[in-house]
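Participant: Put chain B on the given structure of chain A with help from the hints.
Chains as they are written, first to last, in this note's numbering: chain A, 1 to 292; chain B, 1 to 344.
Don't read these hints as lab results, they were simulated from the structure. Just so you know, even glycine gets a beta-carbon here, dropped at the ideal spot from N, CA and C. Heads up, some of the hints might be wrong.
As the list claims (entries may be wrong) - Quick look at which bits of chain B chain A covers, simulated, 3 or more residues with Cβ under 8 Å:
1) 75 to 81
2) 162 to 170
3) 184 to 194
4) 246 to 254
5) 283 to 292
What follows is each chain in one-letter form.
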Amino acid sequence: MTEISGQPVPKKQDNFDHIFYVLRANPVTLIAFGMFALLIFSAVFGPALVPYDPLATNASISLQAPSWEHWFGTDNVGRDVFSRVIVATRLDLSISVAAVALSFIVGSVLGCIAGYWGGWLDIVLNRFLDTIMAFPLFVLAMGIVAALGNTIENIIYATAIINMPFYARLVRAEVNIRRDAGFARAAKLAGNSDVRVLAMHIFPNALPPMMVQVSLNLGWAILNAAGLSFIGLGVSPPTAEWGIMVAEGANFIVSGEWWLAVFPGLWLMIAVFTFNLLGDGLRDIVDPRKRT
Amino acid sequence: MFATSPRLRATVLRVAQSIPVVIGVVIISFLLTRALPGDPAVYFAGVAANTESIEQTRVAMGLDKPLIHQFFVYVGNLLQGDLGQSLTSGRSVATDLAKRLPASLELTLTALILAIVIAVPLGVLAATRPGTWVDHLCRVIVTAGVSLPTFFTGILLIYIFYYLLGIAPSPLGRLDFIYLDPDHVTGFYLIDAALMGDWETWRGAAKQLILPATTLALFTLAPIARMTRAAMLTALSSDFIRTARAAGLSNRTILYRYAFRNALLPVVTTLGMVFSFTLGANVLVEKVFAWPGIGSYAVEALVVSDYAAVQGFVLAMALLFVALNLVIDLLYTAIDPRIGFSSK
Numbered sequence: 001m002t003e004i005s006g007q008p009v010p011k012k013q014d015n016f017d018h019i020f021y022v023l024r025a026n027p028v029t030l031i032a033f034g035m036f037a038l039l040i041f042s043a044v045f046g047p048a049l050v051p052y053d054p055l056a057t058n059a060s061i062s063l064q065a066p067s068w069e070h071w072f073g074t075d076n077v078g079r080d081v082f083s084r085v086i087v088a089t090r091l092d093l094s095i096s097v098a099a100v101a102l103s104f105i106v107g108s109v110l111g112c113i114a115g116y117w118g119g120w121l122d123i124v125l126n127r128f129l130d131t132i133m134a135f136p137l138f139v140l141a142m143g144i145v146a147a148l149g150n151t152i153e154n155i156i157y158a159t160a161i162i163n164m165p166f167y168a169r170l171v172r173a174e175v176n177i178r179r180d181a182g183f184a185r186a187a188k189l190a191g192n193s194d195v196r197v198l199a200m201h202i203f204p205n206a207l208p209p210m211m212v213q214v215s216l217n218l219g220w221a222i223l224n225a226a227g228l229s230f231i232g233l234g235v236s237p238p239t240a241e242w243g244i245m246v247a248e249g250a251n252f253i254v255s256g257e258w259w260l261a262v263f264p265g266l267w268l269m270i271a272v273f274t275f276n277l278l279g280d281g282l283r284d285i286v287d288p289r290k291r292t
Numbered sequence: 001m002f003a004t005s006p007r008l009r010a011t012v013l014r015v016a017q018s019i020p021v022v023i024g025v026v027i028i029s030f031l032l033t034r035a036l037p038g039d040p041a042v043y044f045a046g047v048a049a050n051t052e053s054i055e056q057t058r059v060a061m062g063l064d065k066p067l068i069h070q071f072f073v074y075v076g077n078l079l080q081g082d083l084g085q086s087l088t089s090g091r092s093v094a095t096d097l098a099k100r101l102p103a104s105l106e107l108t109l110t111a112l113i114l115a116i117v118i119a120v121p122l123g124v125l126a127a128t129r130p131g132t133w134v135d136h137l138c139r140v141i142v143t144a145g146v147s148l149p150t151f152f153t154g155i156l157l158i159y160i161f162y163y164l165l166g167i168a169p170s171p172l173g174r175l176d177f178i179y180l181d182p183d184h185v186t187g188f189y190l191i192d193a194a195l196m197g198d199w200e201t202w203r204g205a206a207k208q209l210i211l212p213a214t215t216l217a218l219f220t221l222a223p224i225a226r227m228t229r230a231a232m233l234t235a236l237s238s239d240f241i242r243t244a245r246a247a248g249l250s251n252r253t254i255l256y257r258y259a260f261r262n263a264l265l266p267v268v269t270t271l272g273m274v275f276s277f278t279l280g281a282n283v284l285v286e287k288v289f290a291w292p293g294i295g296s297y298a299v300e301a302l303v304v305s306d307y308a309a310v311q312g313f314v315l316a317m318a319l320l321f322v323a324l325n326l327v328i329d330l331l332y333t334a335i336d337p338r339i340g341f342s343s344k
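The shape of chain A in the complex, shown without the other chains (with noise of 0.2 Å):
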């Protein structure tokens, strides 16, 4: 009897275990953690430490190479890219952030609905899923912001459409195989009513795959919303931004002025690596099995 009365407490403890284990056993994992927690840094303080202004233009230093005054060199009109690669991080976060969490709640009602009540609304949506999932995904947001028109909450909207069919299609399943367990059923019968049971007993299971969707989308939010940038839609110049950025320095990388794209570029990339090393490594945690 004492070992089972005794089994939550070690329980906890074997959950930390594991995870410092993990942690240990995968030093990847926790550099993505260090370099998230930099990544957050330079978005909340950033605009407050940057050196220079990254509006602020000068063409005497027009087109220098990087140097002790600036780190990352200038651009055509004198900007100091460092300060700007800093200072586009917060924007481009928070596209991701804003978009990827949009997508998030939009997914999960459609996601329970559809799994707990099933019928007519399930199979609507999923035909409405297919139809979003039959469109090449960055083609699609291509049109909506074209529809919608050329501002910087239309590529929110369009890349949290884009994403949330994998919200709706986990949550859906996370919901559906848990719809009849013992423990909903025991909730149904204690009085609760079937909101209640959605939300406070069923939903909760399907959060720790859910945050690895997550991890993983951040990342691909944010290259999304860079592409659709570099493309010439959302965020209009002077804006810091790192698609933008990226597609100014491109008109300058044939004659050689290569830092005012590679910096950018690199900055940006290392935002998405990190996200995808988290998310790879919140899977480890999450689920052990499913390492590949």
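Facilitator: Chain B only, in chain A's frame:
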């Protein structure tokens, strides 16, 4: 007839399944064209329009009719291959797209073949030699590959191979201006030049193609290599492989005849998702390399707010993607003999 040939039946079923998807795609495309910012009639009437000419445009375009009526007109036009007029080129969007499609297909297909040729052996090697340098290389490429923004890789390759090393031609289009375009047969320059026997032009076209195709392939090969490795690991650890080993079959036979053939199935399935990403990345790569395909056409149209062209492009890409997925699934039935029977 269906009863005697389950595979034919499965094929017909699969083709029929793509019909509702196509209908859905057309509906979404229609909604996108009608969701233009502001009043489409004002937009299509042009900048110098007054109230009267706007009203005329509205009636001419059928915008005064109810939405459902407009939808049927739209579908009717689509069936006749009419995607509307491009404001910039003055030609019909369908003509423009058809003219530029071969350039995009040539780039995308070359990149895909390149990616498959590299990624599949890499994945197989990594799975058969876990823990060795091949395995680590595979893992690094896979993680880096999905994190690389295609437009950035393209620019980096231009800087290294065009500016620093000077071995690549200038990243401007499909063929240097010193060559004449090969006669139009398929629209694929490599094939057309080979058909003409003009190997000088062929080399010129291939040179222009290498960098953009590599850029796209680098992005594409990551998911393929990852899936191949995982599928091979699963196949190699399964019972029938142990049985085959116990029966004393040679390593070669086990690897290629038994393990690889089974591992191919999940790889072919992921190709569908890979296509989605490749077609999207294609737009960015075309912009970087000034490649005259439908992607850069759409980007140019976006810049000048030529909406009919953009929406025509979106619809064309979606239909292309649906068709590609159909081909992949049919391929799947060809590879896996069980499919035809199980979906009866």
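Participant: Would you mind marking each hint as holding or not holding in the structure?
Facilitator: Hint check results:
no. : hint       : result
1   : 75 to 81   : violated (count 0)
2   : 162 to 170 : holds (count 3)
3   : 184 to 194 : violated (count 0)
4   : 246 to 254 : violated (count 0)
5   : 283 to 292 : holds (count 4)
Of the hints listed earlier, those the structure fails to meet are numbers 1, 3, 4, in rising order.
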